[in-house]
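Using the sequences and the hints given, assemble the complete structure.
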Amino acid sequence: MSIIIDPTKIKPYGDTLDDGRMQFSFSLPAPANEQGKEAAKIVLSKMGLDEIEICYYKDLGEGFTHFIAYANTSVTVDLTTIKVKTVETPVMDMKETEEFVENNIGRTLTVIGACIESDAHTVGIDAIMNMKGYDHRYGLERYKCFNALNMGAQVTSEELLAKAAELDADIILVSQIVTQKDIHIKNLTRLIEMAEAEGVRDKMLFLCGGPRINHELAIELGYDAGFGTGSYATDVASFIAFHYAEKK
Amino acid sequence: MIQLSIDKKKIENARAHAKEIVTSLDWLLQDYTSSTIERTVLRLMGIDNAIGETPIPNIVVDHLIEKKAIERGSAYWVANAMVAEGKSAQEIANGVAAGELDLTAIPAQANEAVMKALDELTETMLNKIKAQTKYREDAHKKFGPRKKPSLYVIVATGNIYDDVVQAKAAVREGADIIAVIRSTAQSLLDYVPYGATTVGFGGTFATQENFRIMRKGLDEVGEEIGKYVHLTNYASGLAMPEIAAMGAIERLDVMLNDAMYGILFRDINMKRTLLDQYFSRMINAYAGIEIQTGEDNYLTTSDAIEKAYTVTASQLINEQFALISGIKHEKMGIGHAFEINPTIENSFNYELSHALLAKTLLPNCPLKYMPPTKFATGNIFRTHLLNGMFNMISQMTGQGVQLLGMMTEAIHTPHLVDRAIAIENAEYVFNATKNFTDEIEIKKDGFINKRANTVLDEANEFLAGVAQKGLFNAMAEGEFADIKRTEDGGKGLKGVFKKDANYFNPFMERMKAELNLN
Numbered sequence: 247m248s249i250i251i252d253p254t255k256i257k258p259y260g261d262t263l264d265d266g267r268m269q270f271s272f273s274l275p276a277p278a279n280e281q282g283k284e285a286a287k288i289v290l291s292k293m294g295l296d297e298i299e300i301c302y303y304k305d306l307g308e309g310f311t312h313f314i315a316y317a318n319t320s321v322t323v324d325l326t327t328i329k330v331k332t333v334e335t336p337v338m339d340m341k342e343t344e345e346f347v348e349n350n351i352g353r354t355l356t357v358i359g360a361c362i363e364s365d366a367h368t369v370g371i372d373a374i375m376n377m378k379g380y381d382h383r384y385g386l387e388r389y390k391c392f393n394a395l396n397m398g399a400q401v402t403s404e405e406l407l408a409k410a411a412e413l414d415a416d417i418i419l420v421s422q423i424v425t426q427k428d429i430h431i432k433n434l435t436r437l438i439e440m441a442e443a444e445g446v447r448d449k450m451l452f453l454c455g456g457p458r459i460n461h462e463l464a465i466e467l468g469y470d471a472g473f474g475t476g477s478y479a480t481d482v483a484s485f486i487a488f489h490y491a492e493k494k
Numbered sequence: 006m007i008q009l010s011i012d013k014k015k016i017e018n019a020r021a022h023a024k025e026i027v028t029s030l031d032w033l034l035q036d037y038t039s040s041t042i043e044r045t046v047l048r049l050m051g052i053d054n055a056i057g058e059t060p061i062p063n064i065v066v067d068h069l070i071e072k073k074a075i076e077r078g079s080a081y082w083v084a085n086a087m088v089a090e091g092k093s094a095q096e097i098a099n100g101v102a103a104g105e106l107d108l109t110a111i112p113a114q115a116n117e118a119v120m121k122a123l124d125e126l127t128e129t130m131l132n133k134i135k136a137q138t139k140y141r142e143d144a145h146k147k148f149g150p151r152k153k154p155s156l157y158v159i160v161a162t163g164n165i166y167d168d169v170v171q172a173k174a175a176v177r178e179g180a181d182i183i184a185v186i187r188s189t190a191q192s193l194l195d196y197v198p199y200g201a202t203t204v205g206f207g208g209t210f211a212t213q214e215n216f217r218i219m220r221k222g223l224d225e226v227g228e229e230i231g232k233y234v235h236l237t238n239y240a241s242g243l244a245m246p247e248i249a250a251m252g253a254i255e256r257l258d259v260m261l262n263d264a265m266y267g268i269l270f271r272d273i274n275m276k277r278t279l280l281d282q283y284f285s286r287m288i289n290a291y292a293g294i295e296i297q298t299g300e301d302n303y304l305t306t307s308d309a310i311e312k313a314y315t316v317t318a319s320q321l322i323n324e325q326f327a328l329i330s331g332i333k334h335e336k337m338g339i340g341h342a343f344e345i346n347p348t349i350e351n352s353f354n355y356e357l358s359h360a361l362l363a364k365t366l367l368p369n370c371p372l373k374y375m376p377p378t379k380f381a382t383g384n385i386f387r388t389h390l391l392n393g394m395f396n397m398i399s400q401m402t403g404q405g406v407q408l409l410g411m412m413t414e415a416i417h418t419p420h421l422v423d424r425a426i427a428i429e430n431a432e433y434v435f436n437a438t439k440n441f442t443d444e445i446e447i448k449k450d451g452f453i454n455k456r457a458n459t460v461l462d463e464a465n466e467f468l469a470g471v472a473q474k475g476l477f478n479a480m481a482e483g484e485f486a487d488i489k490r491t492e493d494g495g496k497g498l499k500g501v502f503k504k505d506a507n508y509f510n511p512f513m514e515r516m517k518a519e520l521n522l523n
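Residue numbers (this note's numbering), protein chains in the order written: chain A, 247 to 494; chain B, 6 to 523.
Quick caveat, the hints were computed from the structure, so don't treat them as lab data.
No false leads were mixed into what you were given.
With beta-carbon atoms standing in for the labels, derived distance ranges:
no., chain 1, residue 1, chain 2, residue 2, range
1, A, 444, B, 386, 44 to 52 Å
2, B, 146, A, 439, 57 to 65 Å
3, B, 387, A, 299, 20 to 28 Å
4, A, 277, B, 514, 53 to 61 Å
Source: prediction; values computed, not measured.
Where a beta carbon is used, it is the ideal one built from N, C-alpha and C, also for glycine.
See below:
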């Protein structure tokens, strides 16, 4: 006998099909005692969970307590109806992209990258652009088919667009690492609105990336594509290559 | 303690090259000043407050720049006006800010009277700083020294009052050092914001008020649990010495204060940064504040194996810059990091080798060891394990300060519980492996020892090259972190001034004398 999964009604899986078992870790401004534990249970219960087991709690000081819990959910999800926007172009390695661009576009594409506005963290843009790349994938600077410029951190939208105009850029690549109080949304919106006001939005490809960015959000903000955690230079380069080949 | 087998001559050579690099910049450090150094002097004279967003020290220094009088130093002009008008430094500065006073139009007063006014102000402020140093020393006498490795955690809510709650909780969990993360945008501000921060992004501003609020919170919880808790912030960016001065006044204990970080990673002009770090480190030295350096940044930008030697080279350069500012080795938190790709076979051996090399080169420094960040993926379980391995190396190699890795690195600024779990991880590993290294030795012909020697050889060669061509040229060629910076490029150059023959900085003079510098 084998287990039969109904894709129209999937549930979290612990160790038995449809057990709905889930793992939780959170803190509450409540004491580390039976009263606090009960409060944690009620939180989970109000979320519609049952079979709640607070398996661990610990005093965090200042009146806070950490709880680890397991509980069952009864909700099900219909996998067959879910459609998400993702970057759907195939992913090629550096050599394939270089050949693809040469054969299908026939010119070098200029990419300008920056970590914009208040954000001072270059780790994302560096991972995608730097010659050395990240995790065994070379960055865009290494690609023969790209003329890549990494402007670094704290680049204002004004500076970025001015540089793009100066170099007649084909692609703008923006990284946002800091996401506190949704500052990344504000920064990304500012850039795209400015590009629209200057009438350059459709002259270039606008791409963005960062830990809290996905393709769907990027599209919603008016970008052409978004790359979240786990994206590499190869993802970005392939998207650019296919996009320009199609446009041609 | 495990030992590497390294020829002492190699270490001496590398250090000699670093010394040559630093001493060749003496012309800059002795003959120039900067706008923020002059604002620091004003702050130390007791001038504070802001008009709108603009701090009064900025208004006064800008006034002197406009009048082409800054070359004499801001101290003289304000003191001269104080004597002439019979007012306090703050009153004089307020007059300038209100547009009522032109400091350069006031007739020159008797030199002795001006010097006397400056002496009094210098004495007052230096006594205040000494009292803070004494408070720290007394607190350590009462509660004992800081643990080693110390547990260093960050708070970064963007609201200083929330930060206090989180910091206090972390202290109760076992944290020894609290770092209040600075708003990412501050390094490029050519002033120090004023007042308390309640809405910051990626941190709060380093302001004197924020320093005061957090200091009070940490003293409270420290008294309660019987520990003197160290507070750290960032003396970096375009207002580096001003932040150092504020830290000295408000009794910070540790300051991020790298010699070259601003140049490479924030594109601040090299002359400006080197001048600013010279005075800010002197203030830190005077106030008994431990500095920390940012070598981890080389590894987040470049490959941690291939560019390991740049960390070593930077450590030795940072050491020399610190020494000429009067910082003692026991207050030199030279940095490095655990940033090798964890999928590499034997990555732990590499990390151990690199960490041991840092400790071998700088045995008396409270080395600051930075956690894995570059390969933290959002898989909190894996990151938690990486942090455990990182903690083990720290214990094995006798690091001074362990900047705790958060399992939620790459996801968000630490939640309350993230910090608690990180502390638990470190305490477990430190305790479990406490005397482990008493039982083992590093093989002389083994990988770890050979690797450390290779890195040192590479650093030696690199430092020799930099010494030969000079630090400025080496930076222009992108020798550090593959980033090219030119002598006259970057931000803040217009705030660099050549001192005239009458230049006077009473605080620097006194600090140099008391720290026995040249």
